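Participant: Let the sequences and hints guide you as you build the complete structure.
Chains as they are written, first to last, in the numbering used here: chain A, 1 to 342; chain B, 1 to 259; chain C, 1 to 442.
Derived by calculation from the structure, the hints in this document are not laboratory data. Just so you know, not all the hints are guaranteed correct.
[Stated by the list, open to error] Residues from chain C that keep clear of chain B, each with C-beta distances beyond 12 Å, as calculated:
| # | residue |
| --- | --- |
| 1 | Glu133 |
| 2 | Gly398 |
| 3 | Ala400 |
| 4 | Leu428 |
[Claimed, not checked] Per label pair, the in silico range of CB-to-CB distance:
| # | chain 1 | residue 1 | chain 2 | residue 2 | range |
| --- | --- | --- | --- | --- | --- |
| 5 | A | Glu208 | C | Glu125 | 48 to 58 Å |
| 6 | B | Glu155 | A | Pro86 | 24 to 34 Å |
| 7 | C | Asp212 | A | Asp305 | 29 to 39 Å |
Quick caveat, the model's predicted, so the values are computed rather than measured. No residue lacks a Cβ here, since even glycine has one placed at the ideal position from N, Cα and C.
Residue strings, one per chain:
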Amino acid sequence: MAATSDTSADIEEHEDVWVFVEQHDGEVANVTWELLSKGRDLADERGENLVALVMGENIDETDIPEQCIARGADKVLIADDPVFEPYRSDPYGEQFRHLVETHKPAIALIGGTHTGRDFAGRVAVPTHAGLTADCTELEMEDGRYEMRRPAFGGDALATIICPEHRPQMSTVRPGVFPAAEPDADRDGEIEEVEVVVDEADTMTEVLEREVGDVADITDADVVVAGGMGAEGDFEPLWELADLLDGEVAATRDAVEEGWIEPARQVGQTGKTVRPKLYIAAGISGAIQHLEGMDDSETVIAINTDPNAPIFDNADYGIVGDLHEVIPELIEYFQENEEAIPA
Amino acid sequence: MTDGWNIVVCVKQVPDADDVSIDPETGRLNRSDAEAVMNAPDYNAVEAALELRDEVGGTVTALSMGPPNADAVLRVAVGMGADDGVLLSDPAFGGSDTWPTSLALARAAEELDADVVFGGEETTDSSTGQVPPGIAAHNGWAQLTYVEELESRPEEDKLVAKRDVEGGYERVAAELPVVVAMGFGENDPRPAGLHRKIYAETDFEPETWTAEDLGIEDEVGLAVSPTQVGGMDTADPVPREQEVVDETDELAEQIAEVL
Amino acid sequence: MSETPNYDSEYDAIVVGAGLAGSTAALTMARDGLDVIMIERGPSPGTKNVFGGVLYTPRIRELTDFDDAPKERYVAKKTYSMLSEEGDETSMSIAPSSWREEPHNNSWMVLRADFDEWFAEQAVEAGAMLVTETTVTDLIKENGEVVGVETDRPDGELRAPMVVLAEGANSLVSEAAGLKDRDDRDNVAVSVKEVRKYDREKLEDRFHIDGDAGLAAHYFGDGACGDAVGGGFLYTNKRTVSIGVVYSIEDAAHDKKTPDEVLEEFKQHPAVAPLVRGGRMVEYSAHAIPEGGPDSMPELVHDGAVIVGDAAGLVLNSGVHLEGTNMAVESGYHAGRAVADALAQGRTDEAALASYETNLRDSYVVENLEHYGWFMDTAAEEKEFLFDDLPRALGRAGDAYFKMDNTPKDEHVSEAKSHILDATGGWLGAAKKAWKFRKMLS
Ligand SMILES: Cc1cc2nc3c(=O)[nH]c(=O)nc-3n(C[C@H](O)[C@H](O)[C@H](O)COP(=O)(O)OP(=O)(O)OC[C@H]3O[C@@H](n4cnc5c(N)ncnc54)[C@H](O)[C@@H]3O)c2cc1C
Ligand SMILES: Cc1cc2nc3c(=O)[nH]c(=O)nc-3n(C[C@H](O)[C@H](O)[C@H](O)COP(=O)(O)OP(=O)(O)OC[C@H]3O[C@@H](n4cnc5c(N)ncnc54)[C@H](O)[C@@H]3O)c2cc1C
Ligand SMILES: Nc1ncnc2c1ncn2[C@@H]1O[C@H](COP(=O)(O)O)[C@@H](O)[C@H]1O
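Facilitator: Printed below as a string of structure tokens:
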């Protein structure tokens with residue numbers, strides 16, 4: 001059984017803001033850069049260091065540590081060993097527990113991706129950390145760290161505090177915070193840490209792995225999103241997105257149907273997007289989906305059902321079949337090219 | 001293991017997400033309006049548990065922690081085909097966050113001598129997805145989250161899962177005992193048979209265990225929960241124009257305006 | 001899987017549908033010591049039910065502790081308005097002081113999703129079993145006798161000595177099993193309704209109501225639902241307003257407008273628009289209402305089965321009255337008692353159940369149906385007059401009668417009269433029409 005270290009007695013001893021660097025095959029997930037930017041703000045406010053934690057194999061052959069520094073980290077901790085490639089919850093969890101016990105961070109930020117949530121849930125238990133899932137706001141209030149997160153599918157916002165346990169941990173969904181821009185002139189320290197896990201102690205084995213398209217829909221100014229109403233045919237959406245220089249996204253149900261890759265899912269369990277223009281085609285407007293696109297500047301809805309909740313959450317809407325409306329939109333923009341900014 | 005696996009499936013009672021409303025006068029959440037239902041993703045967990053039992057034999061026990069009336073979700077699981085149900089219910093559990101919740105479920109899973117523990121991907125009320133990894137961590141067991149498909153290897157005491165990882169997938173083999181969080185919507189939960197449903201809702205009586213039964217009376221509840229809800233606000237809906245136009249051209253003009 | 005018991009013959013009676021009629025029957029039988037199971041297709045009773053609505057409560061009060069029931073407002077005031085397509089409104093309002101006192105004329109606005117759930121719960125507390133999310137698809141018959149039901153669930157047959165069919169207006173099971181003819185098209189009205197939510201204070205200000213008092217407003221004429229025989233309604237709940245139209249399906253088929261469009265036009269009538277402005281739509285539904293009157297009532301009693309409530313066509317839709325809830329409850333009650341009596345003698349045959357039909361015929365239910373049964377026919381005959389000419393004539397007459405200009409009032413009165421007489425076809429026509437419609441308020 002994993003040891004449980006109760007750290008509640010020594011809150012004062014905990015300092016620094018940590019960011020878990022999520023990388024797959026040497027490629028860092030964009031959410032990491034978003035966390036470094038938010039983590040930088042928090043560390044500055046607390047007058048502490050921002051520390052990036054990288055686990056993997058042959059990290060020194062990559063520029064990941066340097067990139068972390070360029071994007072805001074004061075220090076990079078590296079746990080380098082074949083046991084950490086690829087990600088597995090048990091060795092990662094064990095190593096993290098050790099690092100928390102030896103380094104005593106105050107706050108740890110982790111991406112709200114599948115990997116990040118798998119990791120966070122595992123490590124929060126042995127470190128007896130207060131873990132807040134999927135925060136949308138992280139603030140220091142009167143010297144206290146407050147996390148805000150949607151509950152009940154987004155109808156409510158809960159403020160979570162963690163008065164007596166350190167570290168405090170939060171997962172944050174991709175797209176919630178802007179990514180930090182790299183600054184090659186920044187300085188930082190890189191430290192290799194002792195690896196405390198042995199392959200023989202692991203309980204899992206990765207037999208096969210394929211990291212797919214990690215399309216980034218969170219940066220696009222125009223998002224054309226489709227739902228079950230697309231009935232398997234996303235072609236018109238792709239065409240319109242192309243024309244408007246945007247990205248295609250989808251609801252969970254459409255992703256589940258296999259009509260489009262999971263990286264393009266928007267919502268509670270997908271990504272958060274905040275484009276200038278969000279076109280929701282054949283989307284009912286379930287609360288879990290709205291949560292991921294509510295902050296879009298302008299929302300356009302195309303739906304055959306005049307009572308679909310999406311119309312209450314859209315600026316402009318049309319009651320109609322997307323397979324007719326979208327081709328008409330495409331035609332309009334082909335005829336009025338000047339309407340599209342270069 | 002000749003007589004199959006001890007399979008436990010964690011199911012949670014949540015307010016029906018469609019029913020949770022905000023009281024316009026107080027601005028508070030009207031949870032009481034909402035029907036209590038089984039967390040939608042947990043249907044996938046129950047289905048996966050039943051499919052696994054069909055494959056390797058053994059029993060499926062539904063497990064829930066909640067107030068006495070949470071037995072309703074155990075009845076849902078038993079209606080679908082679970083053999084038995086255990087309710088962890090005790091005022092001492094009040095105010096528990098995911099840390100003590102997963103502890104209680106972990107101890108109960110140990111007590112049930114579980115080989116595989118199933119859970120849903122996340123709950124619709126708190127949607128943390130932390131409980132299954134928490135159960136695994138408390139017991140020092142392997143975990144498999146965001147699972148799309150399972151393949152059992154009873155002769156090796158292993159379970160192999162196809163997991164959804166960012167935009168792709170991986171296949172991972174885990175030693176028993178293992179905690180599995182099924183991806184939401186990954187299988188088609190079976191409807192309860194009529195007579196089984198009647199049985200589940202009438203004659204079936206779940207067992208109830210307290211914190212003391214599990215020997216964790218000092219390790220649960222608000223006091224040991226690292227996180228606390230400091231407050232709850234209604235999320236203000238983003239104001240929208242809500243204008244419905246009749247012609248595609250009008251819509252196109254609005255789009256052009258934004259661009 | 002642990003062993004699953006078989007529940008065939010474990011119950012004395014199966015009730016199909018946990019609406020008002022079904023829950024009343026179940027409650028009555030359970031109180032009589034019978035083992036009863038109610039099968040409801042919705043996720044909980046009431047979720048699939050549509051009505052205006054005013055719940056009429058005389059019998060419910062006897063059967064339950066009605067004070068605990070979830071209710072919205074009692075009817076403190078009724079209004080009847082004639083609307084013309086051009087925008088005229090002529091109305092009458094009734095608010096007897098006695099309605100403000102208990103038992104409030106036994107007329108309460110309720111939300112069926114709340115009320116039916118509570119009401120079914122009363123049956124459950126009396127010992128009945130409720131199975132939800134289960135649709136009965138057919139009846140099992142042996143030698144012409146109903147011996148059980150088939151449902152959409154796996155392992156879905158269940159047998160019991162008696163079946164009570166309380167499935168509402170869309171009585172597919174009774175029809176499929178041949179206990180009932182498919183309703184003629186012209187015996188069914190279509191209705192659409194939406195529920196809009198408002199700030200409570202705003203709602204009370206708008207309708208001049210306070211406390212638990214509420215308004216039931218009825219509208220007629222082609223300003224209410226176009227060219228069809230029917231009308232519009234508006235009921236105030238605590239924080240919501242139910243607004244809808246009910247009209248004959250036969251007319252609807254001739255008319256190009258969809259039910260949505262009919263409702264939309266009604267909502268835009270100048271007499272109605274200010275009452276429903278703003279707010280947020282929280283519910284939208286469409287439903288059928290039987291309105292064939294006493295002639296289209298099916299055989300109520302069969303070997304092993306009885307039909308109750310809307311499924312039995314027990315709705316009074318006379319224009320002035322739209323009542324089904326009280327009759328659903330009344331029929332469920334008499335059916336429940338008849339089943340209990342028959343089973344006490346160990347019988348389930350038609351003859352042993354006959355007291356249900358006799359008691360229903362002796363009660364106000366069938367009497368009322370017969371009394372008002374002529375209405376729909378008459379209304380259909382006089383469609384043009386009632387729904388087109390009259391509302392317009394009333395509007396013009398009112399306009400003339402109260403006109404402010406430089407002519408003496410005498411002239412206004414005679415102009416007003418002439419508008420009405422034009423519509424009725426002279427004094428003789430007016431007298432004939434008055435005679436024809438006398439029953440409406442009798
Ligand atoms: C724990 C949990 C997490 C979830 N997370 C997410 C999430 O992250 N993201 C997410 O999106 N969902 C999420 N969901 C699911 C969510 O609740 C909804 O089920 C989903 O968003 C609905 O997808 P949809 O709008 O595509 O489908 P539907 O609800 O089926 O709606 C399809 C719409 O298309 C319209 N339509 C049909 N045909 C046409 C046509 N030809 N032209 C135009 N319109 C048409 C229909 O009128 C309908 O309104 C989650 C659910 C749970 C329980
Ligand atoms: C728009 C409208 C306005 C109305 N306004 C009023 C009013 O103001 N006052 C009034 O007194 N009456 C009104 N009525 C009539 C009234 O609603 C009905 O008469 C009354 O609800 C009949 O009750 P019931 O129990 O027979 O049927 P229902 O209330 O329709 O109940 C039938 C139940 O059976 C279930 N069911 C159906 N089929 C199956 C199946 N195959 N298997 C399992 N379950 C099934 C349904 O889900 C439902 O719960 C109105 C009706 C409408 C449509
Ligand atoms: N109180 C509980 N009782 C039983 N299972 C639970 C409970 N809370 C969470 N779970 C399980 O853990 C999964 C994830 O829940 P959560 O971590 O709350 O999002 C759920 O789908 C359940 O399977």
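Participant: Of all the hints given earlier, name the ones this structure violates by number, lowest first.
Facilitator: Hint 1 is the one this structure does not satisfy, whereas the remaining hints hold.
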